[in-house]
Amino acid sequence: MQLVVATTPSLEGKEILVYSVDLARAWGIGDAERNDGLMLLVAPNERQARIEVGYGLESTVKDDEADAILKQAVLPEFRNGNYESGILKGVDRLIMEVTPAELKEAA
Amino acid sequence: MNFASMRRFAVVALASLGLAACGINSVPTAEEEAKAKWGDVEAAFQSRANLLPNIEALVKGAKEGETDIFVGVAEARAKAGSIQLSDADLNDPEKMAQYAEAQNALGSGLSRLFATVESNPNPQFTRNIETAQAQVEGAENRIRIAIKDYNEAVRKYNTTIRTFPDTIGANLIHGAKPMAPYEAASPGAEVAPVMDI
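Just so you know, the sequences run in chain order A and B. Position 7 of the first sequence, counted from 1, bears residue number 7 in the working numbering, the numbering being contiguous throughout. Position 118 of the second sequence, counted from 1, bears residue number 118 in the working numbering, the numbering being contiguous throughout.
Heads up, none of these hints are tricks.
Okay, the calculated bits of chain A under chain B, using three or more residues with CB under 8 angstroms as the criterion: (1) 17-24; (2) 57-64.
Restraint-style ranges between C-beta atoms, simulated for each label pair: (3) A:V98 / B:E32: 33 to 41 angstroms; (4) A:Q72 / B:R155: 33 to 41 angstroms; (5) B:P53 / A:S59: 17 to 25 angstroms; (6) B:A57 / A:A101: 21 to 29 angstroms; (7) A:S10 / B:N91: 36 to 44 angstroms; (8) A:M1 / B:N91: 37 to 45 angstroms; (9) A:Q72 / B:D87: 40 to 48 angstroms; (10) A:S10 / B:D87: 37 to 45 angstroms; (11) A:G81 / B:N91: 47 to 55 angstroms; (12) A:P76 / B:G175: 56 to 64 angstroms; (13) A:Y55 / B:N91: 27 to 35 angstroms; (14) B:D87 / A:L88: 43 to 51 angstroms; (15) A:N80 / B:A184: 34 to 42 angstroms.
These are calculated hints, taken from the structure and not from any lab test. No experiment lies behind these values; they were computed from the predicted model shown. We put the CB at the ideal spot given by N, CA and C, even for glycine.
Please work from the sequences and hints to get the whole structure.
Here it is in structure tokens:
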């Protein structure tokens, strides 16, 4: 599995959904067979952010979980202008989601 | 290899090149690609439909004043569930429009439901509804990407069957008909809510 953080100065007029899918496919994030890429995309100038989950990870990082990570960990920091800490908190939460339970117990 | 067999070989090689260039392979390939993408669209709509029983249970478990708001969604679900497109229907813009209209009605029904229950004071219910709403939004995002991919595959297929030299094979051998893109019924109907920072 592969986790990428991307920031862009412009969504080039596209919806963030379309932009992030296009970017994730163009970069080939994650294994092509397993489709296990994960991307946090931030477009500060358009004031938008999105977590893109590869099809192979959808049962691991569920829609409502990705939504909660954005709403609880990422966006509150961004609203205060703290982009760096918003990204760090979001990535931490995403890593927790993809870490198997037995590894979490060991940690 | 003597001269005569070399010439035969050249003729066969040229003929197969010529056939390959006139759509023998490219037309069915593009058609299969578009049909596969349609399968993804149907699967994406199905995954949204699969969320409905849970939402129904949630809403019906809430206060009685809100129990009948699922009725509109249930009707839209029945309508959408009754319209399935066969492979041949993919060439029919009218059937495609009916399908899109039914799915859009289900989408609007769900948005109305979420708007109605927004003011419910029970915090546990609100959390559950927020989860359900995030799941529906996720499903609708995948629907929109699947539609975009399908429309792109249809555009390629329709271009292939209309462009020389593939159009020769398309018309003479395959009898290929153009496929219908999926068009959102009203402008903006398929635009996702944007999460503003």
